[in-house]
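A.B. asks: Now for the letters of each chain:
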Amino acid sequence: MSVVISVGMADYKIARAPDLLLTAGLGSCIGICIHDPFLKVGGMAHIMLPTANGSLGGNLAKYADTAMELLLRDIAGMGANKSRLRAKMAGGAQMFSFPGKPPVLKIGDRNAEAVEKELKKYGIPLLVADVGGSFGRTIHFDVGTGALRIRTINQGEKVV
Amino acid sequence: MKITQFQLDALREIGNIGSGHAATALSVLLQRRIDMSVPKVWAIPFEQVSEIIGQLDTPQAVIYVKVEGEASGKAVFFFPVESAEIVVQALFGTSEQMDLYTSEMAQSALKEVGNILVSSFIMALTQFSGIPLQPSVPALAVDMIGAILDAIFLEEGVLDETVLFIDTQLSGTPKIEGQFIFLPDAGSLKKLLGAMGL
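Protein sequence lines, in the order shown, are assigned to chains A and B. Yeah, the first sequence ends on 160 if you go by our numbering, and it's all consecutive. Yeah, the second sequence ends on 198 if you go by our numbering, and it's all consecutive.
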């Protein structure tokens with residue numbers, strides 16, 4: 001019997017197959033999904049900003065760099081082998097554009113870049129990056145198979 | 001910043017008057033009765049937003065206005081898509097279905113409605129605090145509510161860990177529901193409360 005574990009905003013969770021991880025309504029935030037396909041364990045983080053900028057305290061799951069650390073620590077705690085880890089990510093949209101004003105701060109793009117950088121740092125291959133656009137995403141991640149189901153309101157649904 | 005129960009009560013009263021103005025404006029615009037609920041006020045970390053908003057992937061039409069002035073902030077009005085469709089139809093006096101995702105006419109009508117509603121609240125804030133506040137040009141997004149709200153939280157600078165929600169609901173027949181949130185920028189709340197002698 002598989003359970004769907006919900007990951008909130010600025011939150012992260014780990015899971016073991018056959019359980020699924022879910023995060024609903026990603027806008028400029030990013031859902032980072034990491035799993036070990038052999039051990040069939042993994043985790044998901046719903047990050048809001050690129051970096052904690054060395055600020056300690058507050059919610060560490062909110063930032064790409066510190067959330068990645070927490071996620072990897074807990075996945076390793078379930079016995080996963082670092083060299084087997086695989087990553088996928090989705091989100092990083094730009095939901096609004098104000099008329100007559102250039103979108104100076106594309107926080108979604110900056111989030112995606114930050115996640116890529118972190119993955120590179122840990123040597124984890126990024127298999128799928130479904131990022132950008134101007135629409136929200138709800139994602140389901142199967143830690144067993146690594147299948148990532150991405151649902152949108154107007155851009156259809158797909159499994160990557 | 002720590003917010004006392006007394007201050008929350010005062011903010012609720014402002015929300016009450018703001019939603020009164022908004023309900024009146026909307027009922028004149030749509031020529032139908034619009035009711036409002038007594039607003040709820042929360043000071044919470046924004047991670048807990050979903051506990052207030054409910055399902056984060058429900059499609060909603062969201063009008064977002066930046067509030068500029070000495071006590072700046074973000075004002076957000078949102079309708080479930082079905083309600084927004086009814087509002088647009090009532091405005092154009094048609095029973096024809098209009099697609100909020102694609103119809104520019106429907107979108108600009110919704111922005112205007114949002115503008116009027118948000119201005120009603122800002123007027124109440126200005127009346128109480130004496131701090132002049134100006135709404136920006138409204139922006140509209142029709143999508144998953146969680147996705148839109150996270151973009152609003154993250155847009156332009158870093159918000160405090162704690163956000164203030166003055167949340168009020170408008171409802172009308174048939175089936176119009178709407179919700180309003182005001183998110184003061186860091187420091188604004190202190191100014192507003194200070195100006196009101198709280």
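Read the hints as simulated data drawn from the structure, not as lab findings. All C-beta atoms, glycine included, are put in the ideal place defined by N, C-alpha and C. Hints should not be assumed to be uniformly reliable.
Stated by the list, open to error - Beta-carbon label-pair distances, calculated as ranges:
#1 A:18 with B:94: 46 to 52 angstroms
#2 A:145 with B:108: 41 to 47 angstroms
#3 B:2 with A:78: 35 to 41 angstroms
A.B. asks: Just tell me: holds or violated, for the beta carbon distance of residue 145 of chain A and residue 108 of chain B against 41 to 47 angstroms?
C.D. replies: Cβ of residue 145 of chain A to Cβ of residue 108 of chain B: about 45 angstroms, so the range 41 to 47 angstroms holds.
A.B. asks: Between residue 2 of chain B and residue 78 of chain A, is the Cβ distance one that fits in 35 to 41 angstroms?
C.D. replies: 39 angstroms, holds
A.B. asks: May I ask you to test the hint 46 to 52 angstroms on the CB atoms belonging to residue 18 of chain A and residue 94 of chain B?
C.D. replies: 50 angstroms, holds
Violation of the numbered hints given earlier is absent; every hint is satisfied by the structure.
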